Amino acid sequence: MFWRMVKGAFLRQKGKMLMIAFTIALGASLAAAMLNVMLDVGDKVNQELKTYGANINVLPKGASLLDDLYGVGEGSGVSDQYLKESELGNMKTIFWAHNIVDFTPYLNAKVKLAAQDSEVKLVGTWFSHHLDLPTGESLDTGMESMKSWWDVSGQWLADQDENSAMVGSLVAGRNNIQVGDTITLESGERTKKLTVKGIFNAGSDEDEQIYVPLPTAQELADRAGLVSSVEVSALTTPDNELARRAAQNPNSLSIKEQETWYCTAYVSSICYQIEEVITDAVAKPIRQVAESEGAILEKTQLLMLLITILSLVGSALGISNLVTASVMERSREIGLLKAVGARNSPITWLVLTEILITAVVGGVVGYFAGLGFAQIIGHSVFGSAIDIKPMVIPLVAVLVALVTLAGSIPSIRLLLSLRPAEVLHGR
Amino acid sequence: MKRQTMYFRMITSSLIRRRSRMLVALLAVAIGATILSGLVTIYYDIPRQMGEEFRSYGANLIFVPGGGDSALNADEVKKATGFIPAEDIVGIAPYRYETVKINEQPFMAAGTDLNEVKKTSPYWFVSGQWPAGSGSVLIGQEVVERIRLSPGDTFTLSGTDIGGKSFSHDFTVSGIVQTGGTEEAFIFMPLSDLEGLMGNSGVLDVVECSISATQQVLNDIAGQVGENVDDVTPRLVKRVTQSEGTVLTKLQALVYLVTVVVLLLTMICVATTMMAVVAERRREIGLKKALGAANKSIIKEFLGEGLLLGGLGGLLGVALGFAFAQTVSINVFARSISFQPLLIPATLIVSVAITGLACLLPVRSATDVDPAIVLRGE
Chain B
-16 MFWRMVKGAF LRQKGKMLMI AFTIALGASL AAAMLNVMLD VGDKVNQELK
34 TYGANINVLP KGASLLDDLY GVGEGSGVSD QYLKESELGN MKTIFWAHNI
84 VDFTPYLNAK VKLAAQDSEV KLVGTWFSHH LDLPTGESLD TGMESMKSWW
134 DVSGQWLADQ DENSAMVGSL VAGRNNIQVG DTITLESGER TKKLTVKGIF
184 NAGSDEDEQI YVPLPTAQEL ADRAGLVSSV EVSALTTPDN ELARRAAQNP
234 NSLSIKEQET WYCTAYVSSI CYQIEEVITD AVAKPIRQVA ESEGAILEKT
284 QLLMLLITIL SLVGSALGIS NLVTASVMER SREIGLLKAV GARNSPITWL
334 VLTEILITAV VGGVVGYFAG LGFAQIIGHS VFGSAIDIKP MVIPLVAVLV
384 ALVTLAGSIP SIRLLLSLRP AEVLHGR
Chain C
186 MKRQTMYFRM ITSSLIRRRS RMLVALLAVA IGATILSGLV TIYYDIPRQM
236 GEEFRSYGAN LIFVPGGGDS ALNADEVKKA TGFIPAEDIV GIAPYRYETV
286 KINEQPFMAA GTDLNEVKKT SPYWFVSGQW PAGSGSVLIG QEVVERIRLS
336 PGDTFTLSGT DIGGKSFSHD FTVSGIVQTG GTEEAFIFMP LSDLEGLMGN
386 SGVLDVVECS ISATQQVLND IAGQVGENVD DVTPRLVKRV TQSEGTVLTK
436 LQALVYLVTV VVLLLTMICV ATTMMAVVAE RRREIGLKKA LGAANKSIIK
486 EFLGEGLLLG GLGGLLGVAL GFAFAQTVSI NVFARSISFQ PLLIPATLIV
536 SVAITGLACL LPVRSATDVD PAIVLRGE
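Chains as they are written, first to last, in the working numbering: chain B, -16 to 410; chain C, 186 to 563.
Careful: at least some of the hints might be erroneous.
Partial chain B-side listing against chain C, Cβ under 10 angstroms, derived [to be verified]:
(1) Val24
(2) Gly25
(3) Ser131
(4) Lys267
(5) Ile330
Read the hints as simulated data drawn from the structure, not as lab findings. Bear in mind that the values here come from a model prediction, so they are computed numbers and not experimental data. From the three backbone atoms N, C-alpha and C, an ideal C-beta is built for every residue, glycine too.
Construct the complete structure from the given sequences, taking the supplied hints into account.
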């Protein structure tokens, strides 16, 4: 009898029930979309912030200051310190290998432009390098993806263009070099003729340099298989107190703290792990990028969290409002039930069951619609799919249940307290 | 005149008599309007607020010596900074570099305005204190690795000044700076100290400006400076300006889409609630029709009620929405949000239009029905 009454109610009031289900679906889809986007926004913005370039610089031990301090890169009295090119692939074998987005090695050398007296800094690098890793995976990395702000006239080099070069705008301007020209570089007795394929404007010191593929620079500088520094772009977690203490001295932590630190993607723990896999290397966070990333990431996440809360509160109030309105509207029906002798609790159960069934239907439909909304946002803003987090499902379910109950119970109680005769009479 | 009074009396008394239902409707409209005005306020303020956060990446415009000069003239720099709108300046730090010696080992000393550096380079990590006045310096991490110094230590700085005379002066280390970049190889001291040592003033090597503005505005500033000040070459720090543009556009697009989705859903929610509230009055409509009311006047009455509700809810929403946006802004950015006066009429119009529309639909269908059927019940 109970179920027949429920069924009857649904059949009789199809339109109204549909409207409630629709509103609940809207609210649930809003909740599902916002929660999914909010939970994933950190990763997405982190990816976007990679346009600022590397946040970790890997240098050989002891060689870090000579060049910057005195402008002496090589020559007498300078002990040459280099990293081995063959070890670079190890970087993708560390604990946080997955968080290392890109890395690019650099080999610096001083060369002379033929027919000019001035020395120019030559940098050998990977432009877009295909790397087969010891783990059997492969990786495409290089400078082209790490220096997205470079303004290149002509074109980017490919790694096979060993007889070509990219010239910084200041060097090019001073020496009247155009795209397509041939330049001759001298280093000691070695000379090499290169075609200029591109002239770039980087808006920094790099404009004073000439970039060539790594093998070309190794040959000119006579440093086969060596690189002088590596820039790494990694996804990191914003620093906290633990990370700051660890950055000062990893040995000052207790074993448990050290474990937590090692297994969290702090920039300092990634640096530490890079030092573990590359011989005689010092990995340093570039604070300008690492620190700012953290700040912006935190702000964005907090902003999204607050917007999510607002929209959840909004949709919750909206739904319970509608549920209240639709229950109130059934005063006559409830009055009639009471008049023919129904007690309060069966009436309450009847109305609640109807509303909850509607809510479940609406919630399920809404959840999937919400996934759709989240993907629309992900694709149109970040150009990639939003990760679907299973933990959103219970959250949405609890929210919908709470909201419908909160909307219906007070109004049912109110209606039950009325006298059937008055209600049926119409006030 | 009488007719109008009657009309208003009907609307107001209907609102007052059915207090609880109307409260439900009013609440729905107010929630919708709150979300509308709150989210739109945040959306408009995001570029400004986030832009200021992005200043933590440091200087986005630098002045370097122009033409054949090897140094900047302080007066020319003052002229150049005059082209930057004062309210957009986050910090302007001048730098002068000179070679000095500690224990006969050469180091680079940078004279600067350390209070401004704090603003232009907020990412510097200083262990110890920032120098409070003259006589104390910040030293880079790499300098520390070569000569063991810790905060509080005193050391002697020697060198030759501009006239070729040698000097030596004692300084106290107030802090050690870590940046992960070239700054770690420098010794930072107040500009006046370095000028005192070198024996001349008014000469600078580079000026770093951190300006809260878009790339377009920065380009304009750079253009103006380049044209009007001869000895100063302005250069945009492309890595910072370009990347800021990219990321900021994405963030804004994100908030935009979220706003649109949330608004759409909330508006539909408001409309369905209004429909439910109105649909329940089919009997009333039937009674009015039975008494001889024309469809037009019934629609007019309901519309009037809807508009009144929409207006009230909208007003409430404007106030609540601003309060909400302000809370978000203070919590997230620790700054207050700018008020958009245009939002008041916009919110009002949208909420009135939506409630009006949501009232009209069910009233329409109710007026089409024969009053006798409605009155008898379904």
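Comparing the hints with the structure gives:
1. Val24: 7 angstroms, holds
2. Gly25: Result: violated, 12 angstroms to nearest chain C Cβ.
3. Ser131: Because about 7 angstroms separates Ser131(B) from the closest Cβ in chain C, which is inside the 10 angstroms limit, the hint holds.
4. Lys267: The hint holds - Lys267(B) has a Cβ within 10 angstroms of chain C, the shortest such distance being about 5 angstroms.
5. Ile330: 19 angstroms, violated
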